[in-house]
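Engineer: Protein chains in written order, with the numbering used here: chain A, 1 to 485; chain B, 1 to 199.
Derived from the structure by calculation, the hints contain no laboratory data. Among the hints, a few may not be true.
Derived coverage of chain A by chain B (criterion: at least 3 residues anywhere in the stretch with Cβ under 8 Å from a Cβ of chain B; other residues may be distant) [unchecked claim]:
1) 24–37
2) 44–54
3) 132–143
4) 303–309
5) 334–348
The beta-carbon is built from N, C-alpha and C at its ideal position, and this holds for glycine as well.
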Amino acid sequence: MAALGVLDGANLNGGQKLAVKYFTVAFILFGAQILFGLLAGLQYLNPDFLFGVLDFSVNRMVHINALVVWLLFGFIGSVYWLLEDEAGSPVVGIKLGNLIFWIFTLAVAAVVVVYLVVQIGPGEKSSIWLINEGREYIEAPRWADIGIVVCVLVFFFNVVATFTKGRYTGIGGVLVLDLVALAGLYLAGMFYTPNISVDQFWWWWVIHLWVEATWEVMVGCLMAYALIKTLGVRRKIVETWLYIEVALMFGSGILGLGHHYFWIGTPEYWFTIGGFFSALEPIPLVAMVVHAVFDSGAHKMKNNNHPVLGWTIAHAFGNFFGAGVWGFMHTLPQINLFTHGTQWTPSHGHLAFFGAYATIVIAFFYLAMQKWRGNVWMSGNMAGDWKWKWSLALLHIGMIGMVMGMLVAGYQQSFIERAIEGSTWMGYFTAQAHPWFLQGMWWRQIFGWVFAAGYVLLAWDLLTIGKRETRPIAVLHGDASPATA
Amino acid sequence: MSQTEALWWASESFWRKTAIWVTAGSFVALIFLTFDTMSQITAGTKRVPAYSVINHRVDYVFDEKRNFQVPVIGPEEPLFGQMLTEEQAAAMVSKGKLTVQAKNCMNCHTLLGNGAYYAPDLTKAWLDPAWGSKEVREQSMVEFLMNPQERLHNVLGRRMPNLKITEEEARATVAFLKWMSSIDTNGFPYNFKPLDQEN
Numbered sequence: 001m002a003a004l005g006v007l008d009g010a011n012l013n014g015g016q017k018l019a020v021k022y023f024t025v026a027f028i029l030f031g032a033q034i035l036f037g038l039l040a041g042l043q044y045l046n047p048d049f050l051f052g053v054l055d056f057s058v059n060r061m062v063h064i065n066a067l068v069v070w071l072l073f074g075f076i077g078s079v080y081w082l083l084e085d086e087a088g089s090p091v092v093g094i095k096l097g098n099l100i101f102w103i104f105t106l107a108v109a110a111v112v113v114v115y116l117v118v119q120i121g122p123g124e125k126s127s128i129w130l131i132n133e134g135r136e137y138i139e140a141p142r143w144a145d146i147g148i149v150v151c152v153l154v155f156f157f158n159v160v161a162t163f164t165k166g167r168y169t170g171i172g173g174v175l176v177l178d179l180v181a182l183a184g185l186y187l188a189g190m191f192y193t194p195n196i197s198v199d200q201f202w203w204w205w206v207i208h209l210w211v212e213a214t215w216e217v218m219v220g221c222l223m224a225y226a227l228i229k230t231l232g233v234r235r236k237i238v239e240t241w242l243y244i245e246v247a248l249m250f251g252s253g254i255l256g257l258g259h260h261y262f263w264i265g266t267p268e269y270w271f272t273i274g275g276f277f278s279a280l281e282p283i284p285l286v287a288m289v290v291h292a293v294f295d296s297g298a299h300k301m302k303n304n305n306h307p308v309l310g311w312t313i314a315h316a317f318g319n320f321f322g323a324g325v326w327g328f329m330h331t332l333p334q335i336n337l338f339t340h341g342t343q344w345t346p347s348h349g350h351l352a353f354f355g356a357y358a359t360i361v362i363a364f365f366y367l368a369m370q371k372w373r374g375n376v377w378m379s380g381n382m383a384g385d386w387k388w389k390w391s392l393a394l395l396h397i398g399m400i401g402m403v404m405g406m407l408v409a410g411y412q413q414s415f416i417e418r419a420i421e422g423s424t425w426m427g428y429f430t431a432q433a434h435p436w437f438l439q440g441m442w443w444r445q446i447f448g449w450v451f452a453a454g455y456v457l458l459a460w461d462l463l464t465i466g467k468r469e470t471r472p473i474a475v476l477h478g479d480a481s482p483a484t485a
Numbered sequence: 001m002s003q004t005e006a007l008w009w010a011s012e013s014f015w016r017k018t019a020i021w022v023t024a025g026s027f028v029a030l031i032f033l034t035f036d037t038m039s040q041i042t043a044g045t046k047r048v049p050a051y052s053v054i055n056h057r058v059d060y061v062f063d064e065k066r067n068f069q070v071p072v073i074g075p076e077e078p079l080f081g082q083m084l085t086e087e088q089a090a091a092m093v094s095k096g097k098l099t100v101q102a103k104n105c106m107n108c109h110t111l112l113g114n115g116a117y118y119a120p121d122l123t124k125a126w127l128d129p130a131w132g133s134k135e136v137r138e139q140s141m142v143e144f145l146m147n148p149q150e151r152l153h154n155v156l157g158r159r160m161p162n163l164k165i166t167e168e169e170a171r172a173t174v175a176f177l178k179w180m181s182s183i184d185t186n187g188f189p190y191n192f193k194p195l196d197q198e199n
């Protein structure tokens with residue numbers, strides 16, 4: 001092992017070396033997401049900005065696609081990070097894993113270049129196959145869809161083979177079953193139909209069952225691992241909590257899918273099913289808060305990585321507020337009739353994606369930096385520890401500010417455009433031109449810059465944290481060893 | 001009784017089994033519901049009319065019993081004055097849907113309320129009073145789609161860019177929008193004020 005405080009690949013196992021590659025691309029795409037979000041936000045304030053060059057539709061598409069892909073890269077990286085540790089065995093197909101990483105990254109780059117340069121195509125199937133599928137979040141053209149499935153299958157093979165060769169922990173078992181669902185569900189979005197009701201029905205299978213079910217379980221696994229690593233929580237406790245979370249998450253989230261089936265042509269019984277089950281969706285998120293806070297308290301906050309614990313707690317609360325509270329606020333059909341497709345949706349979307357997913361991936365970035373620098377001290381009295389605290393603060397202040405700006409705009413839009421004007425073209429623009437709406441957009445933009453500043457500081461911190469640190473990682477007193485199956 | 005037995009409900013194995021059964025049960029329920037829903041939203045059903053509905057007038061009228069507006073299929077009013085067979089109508093709507101996807105409409109507009117929020121919802125765009133009158137609507141829509149960038153849209157200065165939409169694509173897009181307006185969306189959008197289509 002190299003000297004403490006020095007970035008050295010020898011400090012990492014094979015899976016972790018691959019993980020940091022995924023993390024690097026994830027972090028760059030996170031930056032791209034912010035950049036294109038800022039451009040799209042500016043177009044609300046100045047519609048002539050980049051008009052005809054990079055139109056809103058292009059910026060917005062890159063903004064949300066960068067989000068999906070950076071989180072996916074972050075998750076894959078996180079799983080490779082913990083894989084050898086959990087399984088007690090080297091990653092089986094590490095060379096294949098590396099090859100796939102480069103193919104995946106190049107494919108993402110090619111898709112983005114086509115988005116930015118070609119942008120649109122003629123109304124033919126070739127456009128869907130080569131340029132842009134034109135379906136929100138899964139715009140990637142069909143060739144890329146097939147590539148994504150192949151990449152995810154190789155990743156899945158690596159995870160299963162490694163656990164099978166080594167040992168299956170509780171976290172490992174849940175992870176494998178979750179990845180089956182994650183890979184399988186993507187197929188539900190890979191077809192063309194002229195029937196938009198059928199299109200959106202299956203489209204939600206991908207979007208909702210990824211984001212509100214399989215991704216939630218994925219971060220449950222990641223949080224479980226992070227708590228074991230940083231607090232030394234007993235595995236039995238963490239894994240029991242994980243099963244509780246899975247039961248509640250899938251129990252509410254699978255049929256909670258129904259809250260997307262209120263207005264797309266689907267039958268009225270989805271009002272009851274979607275309303276009821278999606279109203280239950282915050283419960284597992286409460287469980288995660290209790291779990292994280294209880295474990296931290298039980299260990300008197302003694303931990304070996306302050307930024308990781310900070311971001312894990314941020315994740316627990318962010319998930320609860322962003323996905324849970326903000327989702328619940330407009331999930332019942334009686335209110336959703338007025339809020340559906342207004343700025344309420346991005347208000348919820350921003351806080352949920354950030355709170356539930358960005359936070360935990362950032363926690364793993366810090367786990368990685370600690371070990372990459374030779375398992376250095378990252379507890380109290382770190383040199384320059386203001387950076388991680390301030391980046392956490394700026395990212396949160398920026399996010400909450402944006403969310404509030406959009407929420408105010410959404411309230412106004414629901415009343416004026418939806419309830420009073422009845423969603424006509426004129427009604428839409430009457431609401432968009434209202435001072436309350438415009439104020440919301442200004443606040444969103446200002447806080448967007450605050451968020452961007454937090455990102456820059458985060459980059460600086462990740463590159464420098466633990467540098468020249470001479471103390472080794474703090475010793476924890478707890479039983480974190482994998483259960484022998 | 002030992003402590004372990006007393007706490008069966010807090011045990012790892014109990015929750016592992018619960019997680020598996022709850023997940024499996026929910027998924028099976030979803031599969032059944034999916035089959036039922038699919039049978040109700042296939043084109044040509046009561047909720048999602050056949051594509052040849054574009055040969056008829058489509059309106060959006062308040063229904064006392066359901067207590068919200070529902071699409072009403074009226075007398076023959078062929079799109080662009082031309083009656084189409086089911087196959088021709090399906091091909092035209094499909095061309096429109098492909099255009100909507102290839103031009104990335106969904107990253108500015110919402111369709112059935114889903115998409116982006118930079119431009120108006122298109123669910124009932126066919127019925128929007130902004131097109132002026134029933135007589136000029138079809139041609140206005142085609143002209144707008146082909147050359148929108150110079151039109152005054154609103155006081156904000158927000159404009160739709162020129163997406164190089166051909167006349168054939170524009171007409172097909174109008175067909176798609178007309179067909180979409182006939183889908184029973186359970187009263188979404190609420191309180192919509194459709195274009196007057198009475199003669």
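Engineer: Against chain B, does the region 24–37 of chain A show at least 3 residues with beta-carbon separation below 8 Å?
Structural biologist: Coverage by chain B is violated for the region 24–37 of chain A (0 residues, Cβ < 8 Å).
Engineer: Using C-beta distances, would you say chain B covers the region 334–348 of chain A, given that this needs three or more residues below 8 Å?
Structural biologist: Since three or more residues must qualify, the claim that chain B covers the region 334–348 of chain A holds, with 8 doing so at under 8 Å.
Engineer: Are 3 or more residues of the region 44–54 of chain A near chain B, judged by a Cβ distance of less than 8 Å?
Structural biologist: Result for this restraint: holds, n = 5.
Engineer: Quick one: see if chain B covers the region 303–309 of chain A, three-plus residues with Cβ-Cβ under 8 Å.
Structural biologist: Contact hint for the region 303–309 of chain A vs chain B: violated, 0 residues under 8 Å.
Engineer: If you count the residues of the region 132–143 of chain A with a beta-carbon closer than 8 Å to a beta-carbon of chain B, do you get 3 or more?
Structural biologist: That given contact holds, which follows from 6 residues of the region 132–143 of chain A lying within Cβ reach (below 8 Å) of chain B.
Hints 1, 4 from the list above are not met by this structure, while the remaining hints are.
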